[in-house]
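K.L.:
Listed below, chain by chain, are the residues.
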Amino acid sequence: MSLRCRNRRMIVGLFAAALAQSSPALASGWTVDPARSSLGFRGDQSGTPFSGRFSRWRAEIEFDPARPAAGHARIVIDMSSATTGDGQKDISLPQSDWFDLKHFPQAVFEAVRFHAKGGNAYEAEGSLTIKGVRRRVILPFTFVQHGCVGHASGSVELLRLDFHIGEGPWASGQMVGLGVAVTLDVTATRR
Amino acid sequence: MPSLPRRYDAIAIFLHWVTALAVIGLIAIGFVMTRLSAGSHMQFMLFQLHKSIGITVLVLSVVRLGWRVTHPTLPLPIAMPHWERVAARLSHAFFYGLLLGLPLLGWATVSASPLKIPTMLYGVLPWPDLPLVSDLSGHGRLAERLGAVHGFGGLFMGGLLIVHVAAALRHHLIMKDTVLLRMLPLLKPVAGPTQ
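Protein chains in written order, with the working numbering: chain V, 324 to 514; chain L, 202 to 396.
It is worth saying that the hints were derived from the structure and are not from the lab.
Check each hint, because a few of them may be wrong.
To be verified - Per label pair, the in silico range of CB-to-CB distance: (1) L:Leu337 / V:Gly442: 55 to 65 angstroms; (2) L:Met376 / V:Gly496: 55 to 65 angstroms; (3) V:Arg457 / L:Leu337: 33 to 43 angstroms; (4) V:Ser495 / L:Ser335: 20 to 30 angstroms.
To be verified - With a Cα cut of at most 30 angstroms, we get these calculated DSSO-like pairs of lysine-lysine: (5) V:Lys412 / L:Lys317; (6) V:Lys454 / V:Lys412; (7) V:Lys425 / L:Lys317.
Beta carbons: idealized from backbone N, C-alpha and C, even for Gly.
Next up, chain V with everything else stripped away, as it sits in the complex (with noise of 0.2 angstroms):
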C-alpha cells in the first residue's frame, strides 16, 4: 500500500515527493483530514446521555499496519474547543471542577506502539493527560485503508474521576455518571 501511494506521489509531484519520502522515518506517516475526523465523548446526567466533540485537536500519526509496533501517535487535545450544544454544560466545562481549562488548557494523548489483534482491529497503547495527570490508556480501534486514504475509528471507556474531571460535589456520580466514553474517528491520507 505504501508503496503504491507513495507512487502516485511520486508521478505527481517529483522532487517535492521525493523529498518528503527522503527520510525513511516519515515513511508510515499520516496526514489527518480535519474535515473528516472527529474527537467527541459521551457521559450521561442523571441517567440523560448526552455527547459533545473537541472542535479543535491535532495529531500527528506514524501507523504502517503492517508494522504496528513501529508505529507512534501524538493527539494534542484543545480543551477550550469542547461542545455539548448544552449551554449549562459548555459553562461549566472549563470551571475548576471539570476540565479547569485556566490551568490544564490541553490534554494530550500519546501512543507509544499500536498492536495488530486480528482482522482490521488494532489497539494504540499509550497514555492519556488531562488535567496534568497522566494515565496508562489502551485505545481499540479499527483500521481500514482504500488507497492513500486510511480510517481509523475506536473508542474508550474512562472513568473521569481518574482524571479528576468533575470533583467536589460532583465526585460522587450521583448527578453526572463517572464513565465517560472517548471516540476517535479519522479519516487520514498516507504520505
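Let chain V serve as the given structure and place chain L on it in line with the hints.
P.N.:
Only chain L this time, still in chain V's reference frame:
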C-alpha cells in the same frame, strides 16, 4: 356604602394574575423538587424551571412596584374598619417584600452553591450568579442556610396567599363589595353593586 366604580388597569391586572400563577407554581415546584431523590433528571429539570420562573417573578415584581408607585392603588371600601385596613396594607407590603426578597434569596442560594450550575432561564437565556455571593461558594454551608431561609420564606408566602385569597372571597361573598371584582380580568368595568 360608597361605590368603587373603578377597576384596576389592564397592566396591573395582568401583572397580578401572572404573578399569582407563577407564585403558586413556584411553591408547588419548590415543594416537589426538594423531596425528589437527589440527582434525578426530574429534580434537575424542576430546579431549572424553578429558577427560571423565580427570576421572572423578580423582574415582574420590579416592574409591578414601579407601576404601583406611578399608579396609586384604588381606595379600600370606606366601610372597612381600621384594623382591616392596617391588615390589608400590611399583607400587601409583605407580598411585595416576599416577591422581591424570595427570588433574591433563591438567586443567592444558587450563587453560593458549590455545584456552580449555570442558570439558563427557560434553557436559553444565560443569567449570571450574584457576584459577591458566588465568591463565597467554596463550601456548601452558606448555600444550605440561604436555601433553608428561602424555603421558610416560601412557606410564609403560601400562608399569606391563603389569607389573601380568603380575604378576597370574604369581600366578595360576605361584604359584597367590588374589591375582588376590580382585580378580575376579562370583566366589563365594574359599576359597583351599591351604586
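K.L.:
Compare the structure with each hint and give your call.
P.N.:
Each hint tested on the structure:
no., hint, in the structure
1, L:Leu337 / V:Gly442: 55 to 65 angstroms, "holds, 58 angstroms"
2, L:Met376 / V:Gly496: 55 to 65 angstroms, "holds, 59 angstroms"
3, V:Arg457 / L:Leu337: 33 to 43 angstroms, "holds, 34 angstroms"
4, V:Ser495 / L:Ser335: 20 to 30 angstroms, "holds, 22 angstroms"
5, V:Lys412 / L:Lys317, "holds, 11 angstroms"
6, V:Lys454 / V:Lys412, "holds, 18 angstroms"
7, V:Lys425 / L:Lys317, "holds, 16 angstroms"
Hint compliance for this structure: no hint is broken.
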